[in-house]
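With the sequences and hints as input, model every part of the structure.
For the sequence shown, this note's numbering gives the first residue as 537, with consecutive numbering after it.
FYI, nobody ran anything at the bench for these hints, they're computed from the structure.
Some clues are possibly wrong.
Unchecked claim - Calculated pairs, DSS-like style, for lysine-lysine (alpha carbon to alpha carbon, straight line, at most 30 Å):
1) Lys652 to Lys610
2) Lys610 to Lys634
3) Lys610 to Lys655
4) Lys654 to Lys610
5) Lys610 to Lys564
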Amino acid sequence: MPAGAILDLEKFQESERRLTPQRQAVLKAFLELSQEHPTAEAIYQAARRHCPTVGMATVYRSLELFVQMGIIVKAPTLNGTARYEMNKTPHNHFVCLKCGRTYEFHRQQEPVIDRKIKKEGFEVISASMIFFGYCPTCRE
537 MPAGAILDLE KFQESERRLT PQRQAVLKAF LELSQEHPTA EAIYQAARRH CPTVGMATVY
597 RSLELFVQMG IIVKAPTLNG TARYEMNKTP HNHFVCLKCG RTYEFHRQQE PVIDRKIKKE
657 GFEVISASMI FFGYCPTCRE
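In structure tokens:
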């Protein structure tokens, strides 16, 4: 289990929410697939191995709860299909225009924030840059 996952479970335990067997199966499935920026469908298929009675609606509700709690975040995608990732240090994404896969790259420096954003009174909480193109496999 990744180091961040332990913190996430502690965050869940500190809340008023119960970690039901179904939610636990969804969380386990997500952790198994987290490097792939999994979709809800992929998480559902993996969660059924841990809890055969888990339904797709429960997966969607659990993922939305985990997003609201800040345990996971929705990753940027090309086609609007939600993909999920751990809520961790800021990083950039590359989305392949052919296969749709999302890759992440850790930044070496903080992103430049347009001064007008702050001047207009907006508060930036997080920033991510998304690159679109073709991955090495799709370029061949």
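Evaluated hints:
no.	hint	verdict
1	Lys652 to Lys610	holds (27 Å)
2	Lys610 to Lys634	holds (20 Å)
3	Lys610 to Lys655	holds (28 Å)
4	Lys654 to Lys610	holds (25 Å)
5	Lys610 to Lys564	holds (17 Å)
The structure shown violates none of the earlier numbered hints.
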